[in-house]
Structure formats: structure tokens, C-alpha cells
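Each chain, written out:
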Amino acid sequence: MYRYDEFDHAFVAERVAQFSGQVARRVSGELSEDEFKPLRLMNGLYLQLHAYMLRVAIPYGTLASHQLRKLAHIARTYDHGYGHFTTRQNIQYNWPKLEDVPKILAELAEVEMHAIQTSGNCIRNITADPLAGVAADEVDDPRTYAEIIRQWSTLHPEFSFLPRKFKIAVTGAPSDRAVTRGHDIGLRMHRNADGEPGFEVMVGGGQGRTPILAKTLRDFLPVDQMLSYLEAILRVYNQLGRRDNIYKARLKIMVESLGVEALAELVEAEWAQIPDGTLDLPIEERQRIAAYFAPPSYVDLPDESSALDGAIAADASFAAWVESNVHEHKQPGYAIATISTKPHGGIPGDASAEQMEAIADLAEQYGFGEIRISHKQNLILPDIQKTDLFALWQALGILGMSAANAGRISDIIACPGLDYCNLANARSIPIAQRISERFSDLAREREIGDISLNISGCINACAHHHVANIGVLGVDKKGTEYYQVTLGGVSNENAAIGSIIGPAFDEWQIADAIETIVDVYLQQREVGEKFIQTYQRIGPQPFKEKLYASD
Amino acid sequence: MPLIKHGRLVEDRWHETDDFAEVQTLAPLGPVIVSLDVWRQHKDAILAFDGPIGLRLAPGQTPDLAAADLHRFEVIALEFATFTDGRAYSQARLLRQRHGYKGELRAVGEVLRDQLTFMLRCGFDSFSLATAQQAQALLEAVEEFAHWYQPALDGRATIPALRRGSGEKSSPVAAGCAATWAY
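Line by line, the protein sequences give chains A and B.
The numbering of the first sequence is the working numbering, which starts it at 2 and goes up by one.
The numbering of the second sequence is the working numbering, which starts it at 27 and goes up by one.
Do not take every clue at face value.
To be verified - Derived coverage of chain A by chain B (criterion: at least 3 residues anywhere in the stretch with Cβ under 8 Å from a Cβ of chain B; other residues may be distant):
no., stretch
1, 342–353
2, 478–492
Stated by the list, open to error - EDC-like, lysine to aspartate or glutamate: derived pairs with alpha carbons at most 20 Å apart:
no., chain 1, residue 1, chain 2, residue 2
3, B, Lys31, B, Glu169
4, A, Lys545, A, Asp507
5, A, Lys331, A, Glu516
6, B, Lys69, B, Glu169
7, A, Lys249, B, Asp111
8, A, Lys98, A, Glu34
9, B, Lys31, B, Glu42
10, A, Lys38, B, Glu136
11, A, Lys166, B, Glu169
12, A, Lys216, A, Glu285
13, A, Lys104, B, Glu170
14, A, Lys38, B, Asp140
15, A, Lys38, B, Asp111
16, A, Lys545, A, Glu516
17, A, Lys531, A, Asp420
18, A, Lys331, A, Asp304
19, B, Lys69, B, Asp45
20, B, Lys69, B, Glu42
21, A, Lys166, B, Asp111
To be verified - Under 7 Å between C-beta atoms, here's a sample of chain B residues computed to sit facing chain A:
no., residue
22, Arg39
23, Trp40
24, Glu42
25, Thr43
26, Phe46
27, Phe171
28, Ala178
29, Arg182
Hints listed in this document are in silico derivations from the structure and should not be mistaken for laboratory results.
Using N, Cα and C, we set each Cβ at its ideal position, and we do this for glycine too.
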């Protein structure tokens with residue numbers, strides 16, 4: 002894990018002092034709410050329906066146990082005893098008091114955390130593959146590069162007042178677990194013919210009311226030239242991006258109107274004029290950062306574990322959890338365990354202070370004290386010995402966090418929706434709870450298999466419903482909440498945007514509609530077909546016919 | 027309007043206009059800051075006055091549009107139409123780094139305390155304020171951070187440079203010198 006040095010510590014302390022001064026000026030009345038707004042928005046502080054909301058950055062989704070304990074402490078001391086993990090690997094607190102925020106930030110700084118650039122029209126928290134460093138298919142650990150970008154982009158003098166928010170995701174693997182094509186810039190590491198590592202640079206992805214998948218701007222960018230190339234993209238965007246209409250201001254709109262080839266010409270021309278060496282990463286600097294992410298001291302183990310095999314044979318519930326929530330590790334004898342924040346009927350992404358503390362303990366007891374946050378709002382323990390999986394699962398059961406549903410239909414991504422968010426048109430959480438309860442039968446969930454279902458409470462699409470196999474979008478029709486369904490979205494390396502299936506459903510119809518969609522799939526699928534494969538083979542028509550049969 | 031230049035509150039001797047008729051009434055004494063349009067339409071006449079000249083670029087007007095003439099301007103004013111319009115930051119960096127502009131670079135428009143360090147680091151060295159009362163707060167803001175991560179134009183050593191133990195400073199004087207800018 003990356004550790005702050007004296008300079009990082011000093012910088013974050015200075016930022017806390019600066020923001021504390023800004024809050025003091027607001028509390029004293031020197032600043033109006035209008036004047037304070039752009040300042041608080043540079044530090045993750047939103048004014049929501051009922052209270053302020055503070056979004057804390059979890060850079061590239063990696064946390065240490067002591068950091069998770071601090072997040073728990075903040076939840077208990079300054080909030081209502083829980084936090085909400087987001088699709089951008091952050092955590093949100095829904096009820097902080099304004100005057101407590103400087104104290105919260107000071108507490109975060111103690112554990113090398115902050116809320117810098119978790120909102121505002123700047124380069125947001127850098128996200129990455131949650132399985133970085135432990136996935137078997139990885140070229141290199143993306144966190145080295147995400148950390149370098151984090152530092153470079155922190156309070157950047159030129160790029161802190163962009164036309165719109167700007168999101169960057171990095172993956173080091175061919176399997177895309179970071180939705181890179183859903184970001185303003187997606188970086189995918191691969192090797193060229195000479196075996197050198199570099200990035201495919203994708204630009205102009207985004208969700209919101211105009212969902213667009215990022216297009217490839219450059220096939221191969223040598224890793225040492227990453228920052229100068231990012232600077233070229235950002236400079237072109239900062240100068241030419243639209244500022245007249247908030248809905249047309251993202252980079253994706255520029256890519257659509259110019260065309261990716263024309264943008265590539267502008268970026269390459271700008272890049273050519275940045276003096277050589279200006280931002281090049283010396284190999285020593287890369288190695289220095291990479292050393293923080295060096296593999297922990299794994300024990301040499303046989304890959305097979307008879308204890309694990311025995312437990313799987315003896316306990317069907319455990320076997321189901323292993324099947325859905327345990328992922329292959331690159332190190333023999335180890336596994337990656339997903340902790341679902343989505344018990345049936347629960348609130349996706351929420352974790353209580355007690356749960357966070359217990360997970361921090363488990364990460365130390367069974368792993369190396371490290372926890373990952375995934376864009377699916379789950380927590381991941383990256384280094385568990387296979388032999389320990391059964392004990393881990395039992396401990397998670399006591400916490401109510403042993404749901405065997407990772408990648409299943411009740412592994413719902415949901416935004417906070419109208420229960421919290423002042424942008425929302427409709428509630429997301431109660432709909433997620435209702436659908437999840439509908440599919441609470443484990444055998445049925447296993448029968449349905451791999452599928453993704455995401456619910457956004459408004460067109461801003463925070464829950465990524467466009468790239469879900471089944472997307473649900475809350476809309477408001479004359480004061481009544483309705484839910485529009487899209488089918489066919491995909492968020493991995495074969496990313497696709499879903500299509501609207503037909504007229505929206507009201508809150509009492511939506512769970513039935515989801516069930517109908519699933520039934521059509523089960524009836525129509527061929528052996529071994531996942532939901533998305535069946536949908537891609539048969540198209541929307543059979544689903545439409547069943548959904549709107551009585552119309 | 028009150029002006030901070032090189033860290034001090036000073037009197038602004040420049041007159042600014044986008045009307046050529048007004049430029050003529052000021053000539054030959056000047057000094058005058060003209061808009062890009064006035065400059066392009068009346069360049070020869072303005073040069074004939076032989077007084078100090080400044081240029082104002084609106085957001086979105088790339089410095090390339092006046093690249094050949096930049097050495098003629100003692101002041102270039104860049105406009106912050108709103109707090110959130112960040113185009114002038116790129117204009118400033120391009121003027122300093124790419125075009126090697128050495129004259130006064132002035133921030134005008136919505137110039138607020140909390141933007142000041144961003145502006146300084148992009149190469150601005152003067153700031154036009156709405157009220158003189160703002161001056162002290164602005165100057166305090168400069169001291170809020172000791173060091174930054176990115177190479178910039180504020181003359182301070184970057185964190186990467188300090189980590190290497192070199193403590194080498196980036197400097198406005200050395201604008202465009204690649205070695206000084208190394209990450």
C-alpha cells in the first residue's frame with residue numbers, strides 16, 4: 002500500500018487547514034452559501050436533501066485496516082453509525098454537521114486520507130481494478146500509475162476549473178473490472194510487440210443522460226510518457242470543451258462532435274509541443290511508487306486445499322458462497338473474497354461502523370490488513386488463504402455479510418436516490434430492496450447465474466444503469482415515480498449501452514417486470530448461456546412481448 | 027480598480043478599452059490595454075502612437091492568435107468571466123511556457139482569494155481586484171501551501187524534486203526551459 006511521506010502529510014494538513022478556514026468563513030457569515038458552494042465542492046461536501054453529505058476519497062479503492070477503522074469511527078462519531086460505499090470506490094457520509102467537517106478531515110489526515118477532488122469540475126478520485134495486484138491476468142499493478150496520477154492531479158493549477166467533472170480509470174489487465182470505457186479517460190495497460198508496457202488510451206466515456214462508451218485515442222502510450230499525454234488531453238479539453246451548457250460539457254460531447262480522429266490530431270499536436278522530459282516519469286520514481294505495491298509476503302502453499310474442498314462438500318451454503326464470491330488469485334493457495342454489502346432486502350453499499358471494524362479485523366486476521374472497494378459497492382479481501390475461507394465465511398455470517406450473491410441478480414448497484422440526493426427524481430433504495438427480496442431464494446439466484454442489475458434514481462446514472470444487463474432508471478411523471486428498464490448493457494471489456502425496452506413501470510410493477518424478464522431468459526436460454534448472451538442472441542422482442550402482453 | 031502586482035497593492039496605471047476611438051484619445055500618453063479585436067484591426071495605428079501597449083484576451087482566445095506580437099505587450103490581461111471558467115489558466119501557461127512571454131500577466135474579472143494560488147502557479151503575476159479589502163486575504167492565501175506536486179510557475183520546488191533531494195526550483199524566468207520543469 003502507498004504510504005504518505007512527509008510531503009504528502011504536510012500537503013493534506015495544509016488542505017485541512019485551508020478548508021477549515023473556508024468553513025469558518027461560511028459559519029461566520031463572511032461567505033454566503035453561494036460563495037461557499039464552489040469551495041465545498043472542491044472538497045467533496047455536497048448539500049443534499051436533508052443535510053450535508055461528505056464524500057471521502059478511497060484512491061483506487063485500496064484501504065488498510067487502520068483506515069477502515071477510522072472510517073468506522075467517523076461514521077459512529079459524526080454520522081448515524083454507517084457509511085455508504087459508492088460506484089467510484091469512495092465512501093459517503095450522509096449526515097455530517099458542517100462545523101464537524103474540519104474535524105472529520107483532520108481525523109482522515111491522521112490515516113493518510115482526504116476528500117480532495119471527490120467533487121467539482123476537476124480530475125476526480127482515480128479509480129482502478131479492485132483486483133489490482135492479485136488478479137492472475139494482470140500485466141502490471143495499475144495502482145502505481147493511479148497513485149502517480151493522483152499526485153499529479155491533486156490541486157492541479159491548470160486543471161481545477163474544467164468545463165465539467167473529469168474521471169480517470171486505470172486497469173492493468175485485459176479483463177476490465179474498472180469500467181474503463183465509462184470514464185472520460187480510460188487507461189488499459191498492455192504490452193507492445195517488443196514486450197514493453199504501455200497504455201491503450203480511451204477517451205470520452207461517460208454515463209449520465211448521454212451514455213457513451215470511450216473510444217480509443219491512442220493504441221499504445223509508453224508508460225513513462227503518461228503524464229505529458231494526460232496533460233495534452235486535459236489542455237485541449239480545458240480550452241475547447243463547452244461551458245455554455247452543463248449537459249454538453251463533458252469530454253464525451255466533444256469527442257462526439259469533433260470525432261475521435263480530429264480530437265486525436267489536436268491532442269497529438271499539443272503533446273508534440275510539450276517539451277520532452279517535461280513530465281516524463283523517471284524510472285526511479287516509478288520504481289519508488291511501485292515498491293509500495295509490492296506483493297505481500299505470501300506463504301508457499303499448494304494450490305489445492307483439502308480443508309476448503311472438505312468444507313465445500315460438507316456445507317452447501319458455503320459452497321454457494323465460494324462459487325459466487327471467491328475469485329482466483331495469482332498466488333497458489335490464495336483466493337480473493339468478495340464481501341457483499343447486499344444482504345437480501347439491504348441497502349446496497351451501506352456498511353455499519355461495527356461491520357467496518359469487524360472487516361478491518363478480519364483483513365488482519367486472515368489477510369495482510371488490506372481491503373478493496375469495488376465499483377459494485379462491495380468490499381474485497383484480496384489475500385485469503387484458501388484454507389481460511391470457511392472460517393472467514395462463518396465470521397462474515399455473524400456480521401450479516403455472507404450473502405452468496407456477487408455477480409448475481411441481488412448484487413444490485415443502486416445510487417442513494419430520492420431518499421438522500423437532491424438530484425434524484427425517484428427512490429432507488431426501496432426498489433433495490435424490493436427486487437432483492439423477490440430473488441432471495443438462493444437456489445433460484447444460482448439458477449439465474451451471472452447477471453447485473455443497476456438502479457439509478459435519475460438521469461445522472463450514478464448507478465451505471467446504462468451498462469447493466471438490466472438497467473433501471475427512476476423518472477418522475479407528474480409527481481409519481483416510474484421506472485424505465487434498459488436491457489443489454491455490459492460494463493466489462495465488451496462494454497455496451499443498454500436499450501430501453503418499452504414504457505416505464507410504476508413502483509409496484511417494477512419487481513414483477515424484472516421477474517418477467519428473468520423468466521423469459523430462463524425459458525429461452527440455451528445450455529450454459531448467461532443472461533447477456535441470451536439477450537444478445539434473441540434480442541429485445543421476446544422480452545417486450547411478455548412485458549407488455551396485456552397492452 | 028485595486029491591483030496586486032508581485033505581492034503588493036499598487037496603483038494601476040493602465041487604461042483598458044475595446045473601443046479604438048478611446049485609444050486615440052489616450053494617445054500618445056497611454057498606457058492602454060486593448061482587446062484582441064482592436065489590436066488586429068488597428069495594429070499599425072496603435073504602434074504609431076508609440077506608447078506602452080497591453081493586450082486583453084477573452085476566454086477561448088488562444089495566445090496563438092497574437093503569437094507574433096507578444097513581445098510588443100507590457101501587459102497581457104486574461105479574463106475570468108466566472109470563478110468556474112478555467113480557460114485562462116491554460117492561456118497563462120501557454121503564454122509563459124510555450125511563447126516565452128516575460129511581461130506582466132494580469133488576472134481580471136472574477137478574481138477571488140481561493141483561486142489565487144492556482145493563478146500564481148500558472149504564471150499570473152498581477153491581479154485586478156474588486157475591492158482593496160480583498161488584497162490582504164489574497165496574500166494570505168499564497169502561504170496556505172508550502173509545496174505542490176506539479177511543476178509550475180510559482181518559483182517553488184516541487185514535491186517530486188524535494189523527494190529527489192535536489193530542491194531545484196521552477197522559476198518564471200526560466201519559462202520554457204525543459205530541464206527546470208522535469209517532474
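A quick look at each hint next to the structure:
1. 342–353: violated (count 0)
2. 478–492: violated (count 0)
3. Lys31(B) with Glu169(B): holds (16 Å)
4. Lys545(A) with Asp507(A): holds (17 Å)
5. Lys331(A) with Glu516(A): violated (37 Å)
6. Lys69(B) with Glu169(B): violated (41 Å)
7. Lys249(A) with Asp111(B): holds (15 Å)
8. Lys98(A) with Glu34(A): The hint holds at about 15 Å.
9. Lys31(B) with Glu42(B): Holds, because 17 Å separates the two Cα atoms, which is no more than 20 Å.
10. Lys38(A) with Glu136(B): With a Cα-Cα distance of about 15 Å, the restraint between Lys38(A) and Glu136(B) holds, given a limit of 20 Å.
11. Lys166(A) with Glu169(B): violated (27 Å)
12. Lys216(A) with Glu285(A): It is violated: about 32 Å lies between the C-alpha atoms, which goes past 20 Å.
13. Lys104(A) with Glu170(B): holds (18 Å)
14. Lys38(A) with Asp140(B): holds (12 Å)
15. Lys38(A) with Asp111(B): Measuring from Cα to Cα gives roughly 15 Å; hence the hint holds.
16. Lys545(A) with Glu516(A): holds (13 Å)
17. Lys531(A) with Asp420(A): Not OK: Lys531(A) and Asp420(A) at ~33 Å, beyond 20 Å, violated.
18. Lys331(A) with Asp304(A): Between Lys331(A) and Asp304(A) the Cα gap is close to 10 Å, so the pair holds against 20 Å.
19. Lys69(B) with Asp45(B): holds (13 Å)
20. Lys69(B) with Glu42(B): holds (16 Å)
21. Lys166(A) with Asp111(B): holds (13 Å)
22. Arg39: Status violated, d = 28 Å.
23. Trp40: violated (25 Å)
24. Glu42: violated (23 Å)
25. Thr43: violated (26 Å)
26. Phe46: violated (28 Å)
27. Phe171: holds (5 Å)
28. Ala178: holds (5 Å)
29. Arg182: violated (11 Å)
In the structure shown, a violation is registered for the earlier hints numbered 1, 2, 5, 6, 11, 12, 17, 22, 23, 24, 25, 26 and 29, in ascending order.
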